[in-house]
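2 protein chains.
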Amino acid sequence: MSQGWQDIQAEALRRIQAREWPPGAQIPKEEALAKELGVARATVNRALRALAEDGWLERRRRAGTRVALSPQRRAQMSVPIVRQEVEDAGKTYDYKLLHEDQRGPELWLHALHLADGRPYALEDRVIHLDVVPQAAEADFTEVSANEWLVQNAPFERGTLEYSAEAAGSFERTYLACPPDMPLMILTRETFAEAGQITRVRTAFAPGRSLKLNI
Amino acid sequence: MSQGWQDIQAEALRRIQAREWPPGAQIPKEEALAKELGVARATVNRALRALAEDGWLERRRRAGTRVALSPQRRAQMSVPIVRQEVEDAGKTYDYKLLHEDQRGPELWLHALHLADGRPYALEDRVIHLDVVPQAAEADFTEVSANEWLVQNAPFERGTLEYSAEAAGSFERTYLACPPDMPLMILTRETFAEAGQITRVRTAFAPGRSLKLNI
DNA sequence: CTGCTGAATATGTATAGACATATTTTCAAA
DNA sequence: TTTGAAAATATGTCTATACATATTCAGCAG
Chain W
360 MSQGWQDIQA
370 EALRRIQARE
380 WPPGAQIPKE
390 EALAKELGVA
400 RATVNRALRA
410 LAEDGWLERR
420 RRAGTRVALS
430 PQRRAQMSVP
440 IVRQEVEDAG
450 KTYDYKLLHE
460 DQRGPELWLH
470 ALHLADGRPY
480 ALEDRVIHLD
490 VVPQAAEADF
500 TEVSANEWLV
510 QNAPFERGTL
520 EYSAEAAGSF
530 ERTYLACPPD
540 MPLMILTRET
550 FAEAGQITRV
560 RTAFAPGRSL
570 KLNI
Chain E
360 MSQGWQDIQA
370 EALRRIQARE
380 WPPGAQIPKE
390 EALAKELGVA
400 RATVNRALRA
410 LAEDGWLERR
420 RRAGTRVALS
430 PQRRAQMSVP
440 IVRQEVEDAG
450 KTYDYKLLHE
460 DQRGPELWLH
470 ALHLADGRPY
480 ALEDRVIHLD
490 VVPQAAEADF
500 TEVSANEWLV
510 QNAPFERGTL
520 EYSAEAAGSF
530 ERTYLACPPD
540 MPLMILTRET
550 FAEAGQITRV
560 RTAFAPGRSL
570 KLNI
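Residue numbers (this note's numbering), protein chains in the order written: chain W, 360 to 573; chain E, 360 to 573.
Hints were generated in silico from the structure; no laboratory data involved.
Do not take every clue at face value.
To be verified - To spell it out: a stretch of chain W is covered by chain E in this simulated footprint if at least three of its residues, at any positions, have a beta carbon under 8 Å from a beta carbon of chain E; those stretches are:
no. : stretch
1   : 421-432
2   : 443-452
3   : 522-530
4   : 533-546
5   : 567-573
To be verified - Partner residues aside, some chain W positions facing chain E, computed with beta carbon under 10 Å:
no. : residue
6   : 435
7   : 436
8   : 517
9   : 519
Because the structure is a prediction, the values reported are computed rather than measured.
C-beta: ideal position from N, C-alpha, C; glycine also.
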């Protein structure tokens, strides 16, 4: 009855949840578990590594493996791409550049994303031309800055921040929402080695939410 | 010059970003790559699996590996535990049960989380006693429902939803915020095999945001 | 007691070989 | 032409073995 790593993972998770391996405690070493469960050490390794990635275990060389003190569960979210969101919802996507303004090495853009002709998201973006010089020649009336950047300026890392804010006059105008309407705001920054590529603040039309699974 | 799987991963990612392997295209099979790069197939497998988990590749048995059409980057977020957030910020955490009401198999709770004595988050929760019967005897004036559940009712899966809403009278009262203040709302549901364990709607005090890295 | 050095050790990773599994493809039967 | 069964094949996984690497720990010098 050879077992797979997922079975080993399940068994280990059971022991954690049943407090056979209480929080903070060391668990047996891979070799011992492998022997006990009748599998190769590599199989135990695979299982425990997966549990560590999910936050259940903390592993350190030589120091061994211990159960995390607060087993924080983690959720994975994919970074939203507006066009795809709209098309996935079966609607027609459209894009409109509202304003473009170059101030030295900074290119400022305002743009509106539409779903079935109705305002969906409003973005306010700055692109750093010293990091992405090719952007100076791009035509952002045709392609959205987001898509152009995805194609032409792969980033190394970035940050996301969601917050709730009241609609300002800018949002009221373009998203056609009442004053003080609460909106989900997403601020995103992406970086390459040379520095910040872009920073964008996106205000979503009322009612939008962010859904995740754990 | 034997290479590690991370080097293989880096090389594959380079080829994706350089469009040597364009979006949607099939990439060579593991065996061929292994031979080309001078490593074992298992090493290539490790590297490509990691890229697939990060959303760069899509892999299917027999069908091979292809570059994802829209390389959606993913961010991992840890599910927020209010107490920890507060303590991590160096503040004193406090908890107050506002209301408790059992209606048949449903236990309804209202509670307030405090940071340095000031309102931090307001929660509105229902616990399904048919799924977690032990909860009927728990004393939620002492321990927050969240922490009790983490300890006593491990869940299999759950959903998270963030949204922006205007403060209602309930929030105004306890979070001490002006009318129509935009608030970040987190609705969380967790499930065990037997069904839904709990559903909680948490309203965060104004100014709170959700920060992630990619 | 303190600080440094080297031994001990648990996890991390690489490899070759084998078999498992999910799909696609092929090809024959209806 | 359509259907269905069988062959082919790329990825998925397991095993045994070996070596690499990060820490811990013990013991010695100061």
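A quick look at each hint next to the structure:
no.: 1; hint: 421-432; verdict: holds (count 4)
no.: 2; hint: 443-452; verdict: violated (count 1)
no.: 3; hint: 522-530; verdict: holds (count 4)
no.: 4; hint: 533-546; verdict: holds (count 6)
no.: 5; hint: 567-573; verdict: holds (count 7)
no.: 6; hint: 435; verdict: 5 Å, holds
no.: 7; hint: 436; verdict: 6 Å, holds
no.: 8; hint: 517; verdict: 4 Å, holds
no.: 9; hint: 519; verdict: 4 Å, holds
In this structure, the one hint that does not hold is number 2.
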